[in-house]
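So the sequence lines, in the order shown, correspond to chains A and B.
Heads up, the first sequence is in this note's numbering, so the first residue is 304 and it goes up one at a time.
Heads up, the second sequence is in this note's numbering, so the first residue is 44 and it goes up one at a time.
Hints are computed from structural coordinates only; laboratory data are not their basis.
Among the hints, erroneous ones may be present.
[Said to hold, decoys possible] Computed spacing ranges between beta-carbons, pair by pair:
(1) A/Val535 / B/Arg678: 48 to 56 angstroms
(2) B/Asp661 / A/Glu583: 26 to 34 angstroms
(3) A/Glu637 / B/Arg655: 25 to 33 angstroms
(4) A/Ile679 / B/Asp661: 18 to 26 angstroms
(5) B/Arg670 / A/Lys305: 51 to 59 angstroms
(6) A/Asn539 / B/Ala358: 26 to 34 angstroms
(7) A/Glu380 / B/Leu321: 55 to 63 angstroms
(8) A/Asp678 / B/Arg655: 14 to 22 angstroms
(9) A/Asp376 / B/Pro599: 33 to 41 angstroms
From the three backbone atoms N, C-alpha and C, an ideal C-beta is built for every residue, glycine too.
For reference, the chains in residue letters:
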Amino acid sequence: MKLVHRNLARNGPGSAKLLPEEEDDLWHAYNLIAVGDSLQAVTVRKVLRDSASGGRDAERVKLKLEIVVESVDYDKEGNVLRVRGKNITENDHVKIGQFHTLELELKRPFVLRKEYWDWLALDTIQQACDPTASADLAVILMQEGLAHLFLIGRSITATRSRVETSIPRKHGPAIAGYESALKKFFEHVLQALLKHIDFEVVQCVVIASPGFTKDQFRDYMHLEAARRDLRVIIENKSRIILAHAPSGYKHSLKEVLDTPGVMSLIKDTKAAQEVQALKEFFTMLTNDSARACYGPKHVEVAHERLAIQTLLMTDTLFRNTDIASRRKYVNLVESVKKYGGTVHIFSSMHVSGDQLAQLTGIAAILRFPLPDLEDIEM
Amino acid sequence: QFVPKTDNQSDLEGPHRNAGPWLCSICSQQNDTSCMSCEVCGVLRDLSLYFNNTNEPEGGAKRRNKHSGVSVLARSLFTPSSPKSKAIVFSDGFRGNKNATGHMQASLGTLHKTFMTHKQRHNIVPFKFDIPSPDDMVSIGLKSSRHLRKADTSVPCVDIPGKMVMGDDDLVAEKDTSTDPSSSVKLDELGGNSSSVAANTRNETLILDNELQHLSLERKPKNSKAKIKKPVPVSQYKPEPWMLQGEDQEMPRQLNLAIVGHVDSGKSTLCGRLLHALGRISKKQMHKNEKEAKEKGKGSFAYAWAMDESADERARGITMNVGVAYFDTKNYQVVMLDSPGHKDFVPNMISGVTQADAAVLVVDASLGSFESGMGVNGVGQTKEHSQLIRSFGVENLIVAVNKMDSVEYSAERFNYVKSQLGIFLRSCGYKESAITWVPLSAMENENLVTAASDTRLSSWFHGTCLLEAIDSSAAPHRDVSKPLRLPICDVISSHVLGQVAVCGKVVCGAIRSDSKVLVMPSGELATVKIIERDSSRLSSARAGDNIAIGLQGIDPIHVMSGGVLCHPDYPVSVASSLELKILVLDITVPILPGLQFELHAHHAKVSASLVRIVSLLDQKTGKASARKPRMLTARQAAVVEVRLEREVCVEEFGTLKALGRAFLRSQGSTVAVGVVTRVVQVQG
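Assemble the whole structure, with the sequences as input and the hints as a guide.
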């Protein structure tokens, strides 16, 4: 994301002109745009006009509109951000108060005006505009008969492809069927790899699986690359690494990112920090369950007693349509920081964030045990 | 020029090709050269003329030769590849044709004229839109052909209208007809009573017409998506008589025997040894394995290679997938399921071994190996497997203490293993009396199929050998009287079983060939063509049988392992969300809501997440505690709600035990086992 222009006061009103450049940026924009903000962007609208002959003409007009946001919708598959709201600019074609849906796209700037720029919003902008933090990692997570291809960006994990074939068990003479089914499966995965992975963007590719599937696939891939002269694979051989995974399902991505080899590659990225933080939480829960808690109620009580050392939250909580509850969470984060605690805000587009989101979206590691939390109804 | 060589027609055609007045082959009438057919009997003069006209290459001639025994109607209708053979049109075409011929003139000469002049006339029958489209026709082709064949055989002359009409309505068929000299013969034979032929043929076509329309009507409702009938409560199910037949007969019953244990405890070697000792492996095969194993520098793997057939497994020296082998004992036909012991392949083990009735737990007696199987650091697979096997519903366990040779057949070591493992097994819920302990050595063939011969072992051990122990396992309970359920373990295709074949164990009910089954969760119907067990054909199979089934009339994409074949009227329930009663195993990281895990149920595995913990169950009383727990720790029992990523066929545990079990795995180990208490059904 590029910050083109800025005219705002911290904890005050103002506007910012932003230019999204990568897929991740739309996700940041999604987190940035809240209900009640006003958003200006170039858009195309179908305008109906009564023609002289009495009929009606439909015409598509390109115009610049500013709307007051009523709802924001992010499509993670298509990577489109749709913002719906009421028009507030005087215009030939669109009346004030008419509804319009702006579709934010890459390379198209927009101006966001907020009544109140809190630190979280500023933080998001700063993060989005930091070019060094980019870490694009491709992970092929597979098990016999099932493979997923993920692209892990700064703040989103995108499932690019899913390959599933049924592979028979070995059955005496049908063993040939097993071999050919496995070959076919590998071929599908290889095709997905060639189609979705751009080595210009991706730093490295991790092939992860339980057992020997990863080794088998790597051998197959190199063999095919040599046979078919697939330059991309031959040239980037050193950027393809193997890792162990407990299964081929999406949730095993956590464990893959946690393996030492992969961890060192993505050390400074958000995804790695999130995985680490969640792991710490679970370790604490295992070792001393009274020093870890989850759920808004418990966390609130823990905060009242100034017990929070590390706060884990997902960004879904800030995206709350209710402004008061967003304010509440923002204040919570601020005061935890004030009292010397650390805060991790998880992207719900990463696996660890997804897991946290299902665990009510908020959890904390405490400085000292609070065994009586057990007795408070959640 | 075409000269048929193999057909008996060749001698008929010989004279036709002479110049000048030609001799009819049938009535010996001298005809003028200008006549195409015999004036008296109407037999065609020379068929080869028409070959030239129709520009048919020699390929056509060859094809004709090949088919010459088959009637043209049958051929044009039944060859599935000829796209133009619209079976439905010919009845129509025939009617039109009949009008054209008018009074029939009581001579087949006219018939021939229509038949020969088709090239000029070519009255194309308008396509009728109320009849099924050609695409539909292709799909019902098989079905209609079956009916037509019946009609064909009942009236001998039915091929005549076929020829006539085919000539009229489509070019491909018409070529076939004109090139067929047998037609002339047939026509001539029937020449005497041509009117009756006409009447006959007309009736026949009407019948066919009716039949086809009937077929098309019948087909329609099946094309619609809703193939699953409204489920009938299972309690109303009455087993059909054939299912119970032969139930009392004294035939050896099948026993599905799982071989489980820690990695490298010698499961595959034990299986190989057993098979070899029972003569199930040929000398030649064994010799080959031995030689190959030696070449690879893995001499001790020779027996294991009888089970581990894939190149990868052999190269790495470990079992990766469940191997299947068959042998017979006095009481049972044993299906041996050799499971992989490595930690990473536990999912394979679960999906392959859920069908087990009894199990052999192989334990490595040698120093250090037994301890690692028990899991000094982390969970060993001896433990994990025996817990899993117990939750598969296996009550009787044979513990084979293997590699006794490495500890000099020491009674002391055996008793140590027995006491250590015994404590654990009892804690898993095995009864003391249900565990049989057998010390043995697979490599040295001690105490496998015959009593121990080594004095070091026979001096102190007087129990049964492994084979006897297997043979004396309690007979598993079979539920034949319930509607059919067969979880699909494997989808294969072989030239014996056909394109789509499935393997699995009949959990309840029975199945026989030519019966219809419903494939869930796709909800497609299929017909059972072949039932096979250990490469021998069966006509039916009952609960408990481990079989392979060739299916027909279904697309392979609808059949997946993890699905269930069931009775068409009693479909299995399909769930996207479940309520489970779980028992948490020895885990270190507690279970919280939001936990993502793999759920295994029979042969199905699916990614799932824990939505909420409903209640904690008291270990002793089994009563639910009032408070909602924050988390679950090791050895706790609880009721939880899980959401599945994809729908899975399961049944409530109370209804059908085999389909009501679930295994929760996360981060590479089994975290909990449980049973389905409530299925949240999805409306398909």
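So, going through the hints one by one against the coordinates:
1. A/Val535 / B/Arg678: 48 to 56 angstroms: holds (51 angstroms)
2. B/Asp661 / A/Glu583: 26 to 34 angstroms: Given a distance of about 32 angstroms, which is inside 26 to 34 angstroms, the answer is holds.
3. A/Glu637 / B/Arg655: 25 to 33 angstroms: holds (31 angstroms)
4. A/Ile679 / B/Asp661: 18 to 26 angstroms: holds (22 angstroms)
5. B/Arg670 / A/Lys305: 51 to 59 angstroms: Holds - the Cβ-Cβ distance for B/Arg670 and A/Lys305, about 53 angstroms, lies within 51 to 59 angstroms.
6. A/Asn539 / B/Ala358: 26 to 34 angstroms: Given range 26 to 34 angstroms: holds, Cβ gap about 27 angstroms.
7. A/Glu380 / B/Leu321: 55 to 63 angstroms: Check passed, 56 angstroms falls within 55 to 63 angstroms.
8. A/Asp678 / B/Arg655: 14 to 22 angstroms: holds (19 angstroms)
9. A/Asp376 / B/Pro599: 33 to 41 angstroms: About 38 angstroms separates the Cβ atoms of A/Asp376 and B/Pro599, which means 33 to 41 angstroms holds.
Figure legend: structure checked against the earlier numbered hints; every hint is met.
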